[in-house]
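Given chain A, work out where chain B should sit, using these hints.
Chains A and B, in that order, are what the protein sequence lines are. Numbering follows the numbering used here, with no gaps: position 13 of the first sequence is 13. One gets the numbering used here by counting positions in the second sequence from 1 and adding 143 to each.
There may be inaccurate statements among the hints.
Stated by the list, open to error - Pulled a few chain A residues facing chain B out of the computed Cβ check, cut under 10 Å:
#, residue
1, Gly50
2, Glu96
3, Asp97
4, Phe109
5, Arg118
6, Cys135
7, Ser136
8, Asn137
9, Ala138
10, Ala140
11, Thr141
As the list claims (entries may be wrong) - Here are some chain B residues the structure puts well away from chain A; computed CB gaps all over 12 Å:
#, residue
12, Asn299
13, Cys340
14, Asn350
15, Ile475
16, Lys515
17, Tyr537
18, Asp570
Everything labelled a hint here was simulated from the structure, so no lab data went into it. This one's a predicted model, so the numbers in the text were calculated from it and none came from an experiment. Quick reminder that beta carbons are idealized off the backbone N, C-alpha and C, glycines included.
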Amino acid sequence: MPSRRTVLKFITGIPVLITGGYLFVRPKYSSVVKRAIFNKLFYLNLDSAGVEQFSMDFVDLYNKGTLKVISIDVMTRLSEQYTGLDLLVDRVAVFEDFVAEQYLLSSDFFVNNQNEGRSIKYRDISYSDPYRSPCSNAFATWL
Amino acid sequence: MDKYDLILVGSGFAATFFLLKYLGKNRNARVLMLERGRNDTHQWRIDHREQMDPSGVVSSENYNDTYINETPEKPWVYTPSLGGGSNCWWACTPRFMPNDFKIYSKYGVGTDWPISYDDLEPYYCEAESIMNISGSHESTPFPMSRPYPQPPHKFNEVDKLLKKKYPNMFYHMPTARPSRNTNNRLACCASGVCNLCPIDSKFTILNELSHLFNDKRVRVELGSQVLSVIIENNLAKGVTYIKDSIEHEVYGDMVALGANSLFNAHILASSGQIHPLLGKFLSEQVAFSCRVNLDGVNNFTGSTSLTGHGYMLYDGDHRRNHAACLIETFNIPKIRLEKGKYTQVAHYKFIFDDVPMLANQVNLSNDSRKPKVIYNGHSSYVDRAIQNAKNNIYSLFDCLPVESIEYSAGVHRTEAHILGTALMGDDPKGSVVNKFQALHNVSNLLSLGGSSFASISPANPTLTIAALSLWSADHIN
Chain A
1 MPSRRTVLKF ITGIPVLITG GYLFVRPKYS SVVKRAIFNK LFYLNLDSAG VEQFSMDFVD
61 LYNKGTLKVI SIDVMTRLSE QYTGLDLLVD RVAVFEDFVA EQYLLSSDFF VNNQNEGRSI
121 KYRDISYSDP YRSPCSNAFA TWL
Chain B
144 MDKYDLILVG SGFAATFFLL KYLGKNRNAR VLMLERGRND THQWRIDHRE QMDPSGVVSS
204 ENYNDTYINE TPEKPWVYTP SLGGGSNCWW ACTPRFMPND FKIYSKYGVG TDWPISYDDL
264 EPYYCEAESI MNISGSHEST PFPMSRPYPQ PPHKFNEVDK LLKKKYPNMF YHMPTARPSR
324 NTNNRLACCA SGVCNLCPID SKFTILNELS HLFNDKRVRV ELGSQVLSVI IENNLAKGVT
384 YIKDSIEHEV YGDMVALGAN SLFNAHILAS SGQIHPLLGK FLSEQVAFSC RVNLDGVNNF
444 TGSTSLTGHG YMLYDGDHRR NHAACLIETF NIPKIRLEKG KYTQVAHYKF IFDDVPMLAN
504 QVNLSNDSRK PKVIYNGHSS YVDRAIQNAK NNIYSLFDCL PVESIEYSAG VHRTEAHILG
564 TALMGDDPKG SVVNKFQALH NVSNLLSLGG SSFASISPAN PTLTIAALSL WSADHIN
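Okay, chain A solo, but in the shape it has when bound:
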């Protein structure tokens, strides 16, 4: 019969193994962001290199959200595999909406009158952050 210490080691080892395994295979933060953009804006002519760059910039800007991205990734995988997980689907949708909106605001899409026919070029993530680029509202008009 295994000792109490062996049982304890075994029990505590399981979460460590699962976490370690996930961290080993988990996608990069930026690839989760990239996937969200392509999922959400599949109907637009996206510039792959620009999306790649935005995803890396997004990681830099929101670098405190690593845990959130991991949880989004897990939730995305679960909600793709199983039905009835509406709460997870909603959480993923909120994240994807946020990322896609930040991407479009960082691109030249609105500057070019929302022309869906042309290739969308990424400009800089600062355009989506009013503290880095104040007064860059692409829609406002003045008297």
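Leaving out everything else, chain B in the frame of chain A:
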């Protein structure tokens, strides 16, 4: 022994507008201002914006730690630092409607104010001038004896459709986000994060009135929390306050409490005031938001974050049965992620007044520095109004090409407007302060600001708080 002509508690709208008028009338006054927070400058807030809480407050002291909340799901949001709420407000400045001051005699609910709209009107004008308010020069929902100092911001395309249908019920939002440069501030450029404006454009105490804090007649003590007022023979003699963990006493001929409704009531109760209504009727507006998906109209072309005010559900006989509602139109580009529909969406907030309830209150706790807040929720008067608004929303917006309407989940947790707890009135039994916000039984002790509101309104309270302070300082000897 330090002795002052006036001891002011707090440094937000209520205290600073009182100070402004008081100094104008008392050339040789000596004033002590005691502020519990630090001087978190605009640049400090920008540098620390990652610490912003969900309500948009950036402050070196967390307001949640300053009181005991029996219902934590309902936060009571304020900014504990020099300049108070002006640092994180969105600068929306509607006046109250004339009937808001006589809601009981007009509609049989709530409590009448001991003052009328006409009494306060000159002080509204003065407050609007100090803040350089931008608003319509052509039509307003309330009578005005003086036009707004600045022209209005530009409507967006959806606002224009609402204005066409409701010429006498839909207006440009008056705001302290300037439509033109002022002497100290750049015009608003619609960054959409007004709680912490990137270019310091909206009016704040710090960017327009900080000269008062440097006036040689005024001494400002930061990090100083007032615990109680020293009252002898029905006269305020001074206050006790704590700074750097040391308790102090200071004396003055007049004491004006300009903290928020939680702390004004708490200080008064800690001072031995035992009026049965003190601390009672804590209240706040209630609001929900909705997103209106449109077909064919591109939005967000207005020139500031919020552009319009809808009064379609505000005043009228319905107030006998359910709450008044003010509709705010948002012009912040929250885009729609659907092919070809990116800006074909509008966002609205429906804000309701509530009938203040006795059970919602602020009490003393075991910690002399922390009030205990008990809130049992809003009244059914609001619930009926929310239901009515939702039942009628499609006909309300029938001038818009509506595809669908989506509501926020429930009501917002907070409007960051803490009101009530030391209500004003003419009857000393039925109210804590008189029409000049002085205690009925201690005539040289004032409880300024939202704490004295006899009833609340769906309109944002800040301009009324500022006007009331000007009114009180003009009338108190």
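Results for each hint:
Interface restraint check for glycine 50 of chain A: the shortest CB-CB distance to chain B comes to about 18 Å, outside 10 Å, so the restraint is violated. For the restraint placing glutamate 96 of chain A at the interface with chain B, the shortest Cβ-Cβ distance is roughly 8 Å, inside the 10 Å limit, so the hint holds. The closest approach between the C-beta of aspartate 97 of chain A and any C-beta of chain B is roughly 6 Å, which is under the 10 Å cut-off, so the hint is satisfied. Among the interface hints, the one on phenylalanine 109 of chain A holds; its C-beta lies about 8 Å from the nearest C-beta in chain B, closer than the 10 Å criterion.
Because the beta carbon of arginine 118 of chain A sits about 14 Å from the nearest beta carbon in chain B, more than 10 Å, this interface hint is broken. Evaluation of the cysteine 135 of chain A hint against chain B yields a held restraint, the C-beta minimum of about 4 Å falling below 10 Å. Given hint, serine 136 of chain A at the interface with chain B, holds; its Cβ is 8 Å from that chain's nearest Cβ, closer than 10 Å. The interface hint given for asparagine 137 of chain A holds, since its Cβ lies 4 Å from the closest Cβ of chain B, which is under the 10 Å cut-off.
Look at alanine 138 of chain A: its Cβ gets to within about 7 Å of chain B, closer than 10 Å, so that hint holds up. At its closest, the beta carbon of alanine 140 of chain A sits 4 Å from a beta carbon of chain B; the interface hint therefore holds under the 10 Å criterion. With a least beta-carbon distance of about 5 Å to chain B, the hint placing threonine 141 of chain A at the interface is held under the 10 Å criterion. Residue-level check failed: asparagine 299 of chain B sits 8 Å from the nearest beta carbon of chain A, not beyond 12 Å.
The Cβ of cysteine 340 of chain B sits about 9 Å from the closest Cβ of chain A, inside the 12 Å cut-off, so the non-interface label is violated. Residue placement check: asparagine 350 of chain B keeps its beta carbon more than 12 Å from all beta carbons of chain A (closest about 15 Å). Listed as a non-interface residue, isoleucine 475 of chain B fails to keep its Cβ farther than 12 Å from every Cβ of chain A; the least gap is roughly 9 Å. No Cβ of chain A approaches the Cβ of lysine 515 of chain B within 12 Å, the least distance being about 34 Å, so the stated non-interface status holds.
For tyrosine 537 of chain B, the non-interface assignment is confirmed: its Cβ lies about 25 Å from the closest Cβ of chain A, beyond the 12 Å cut-off. Every CB of chain A lies more than 12 Å from the CB of aspartate 570 of chain B, the least distance being 50 Å, so the non-interface label holds.
The structure does not agree with the numbered hints 1, 5, 12, 13, 15 stated previously, though it agrees with the rest.
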